[in-house]
Amino acid sequence: MPNLFMEFPLQAPAELAWQLWSDFQGLDRYLPVTIQGGTNSNEIGAVRIFEMDGNVIVERLENLDPLERKMTILSLTHFLPIQELITNVILQENGSTSTLRLEQNYQSCALPEDTTEQILTGIAQTMAMGLGGALMMLEQGIVFEAEEVQALQINEPAPDFCLQDQYGLEHSLKDHCGKWLLLAFYYADETFA
1 MPNLFMEFPL QAPAELAWQL WSDFQGLDRY LPVTIQGGTN SNEIGAVRIF
51 EMDGNVIVER LENLDPLERK MTILSLTHFL PIQELITNVI LQENGSTSTL
101 RLEQNYQSCA LPEDTTEQIL TGIAQTMAMG LGGALMMLEQ GIVFEAEEVQ
151 ALQINEPAPD FCLQDQYGLE HSLKDHCGKW LLLAFYYADE TFA
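Using the working numbering, the first residue of the sequence shown is number 1, and each one after it goes up by one.
The set of hints was computed from the structure by calculation and includes no laboratory data.
What you were told as hints is all true, and nothing was included just to trick you.
Label pairs and their calculated CB-CB ranges:
no., residue 1, residue 2, range
1, E117, G141, 35 to 41 Å
2, L85, C162, 34 to 40 Å
3, P157, P9, 45 to 51 Å
4, E117, P9, 16 to 22 Å
5, L163, L85, 28 to 34 Å
6, G178, E113, 52 to 58 Å
7, T87, L138, 21 to 27 Å
Built from N, CA and C at the ideal position, the CB exists for glycine as well.
All chains, please: the whole structure from these sequences, using the hints.
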């Protein structure tokens, strides 16, 4: 059973770090992870990794041509074939700072061990960086409060806005004028359909 141990220094007390970490554990999808440059780069072999609905998704770039690249990413997106992944989280107090220690072990994986380690390390680094960033904002007095949700405005004109999807293509609401359009937004990602 392979074991991975990782440590990340945090500039906050362990109690505050744990309070924020607990919120992170409840998310269904983590920020995209860049392992070798990310899918937005032109590097062949770039990888983008994220978690969705409890499954780890891997996108791998093998071609520089935009159309072939898109088709390649679509065909190579797959679930990480890892069995019985267990992650233990320890926040160790170091005075006014703390250390996030992650221990991960798993039964088996169909990918080579070094590739699996690279993927799991990337996911852990992204979670630790997100936690560290949230702690820094909190220390600076930046607090994100829940906003009151407004009622749906069906058959009302929508505000025009433009976003990029996961492939770098821009989509605007004006492009779909006169059509019914279902928008699905995901936390911490520019992906929408």
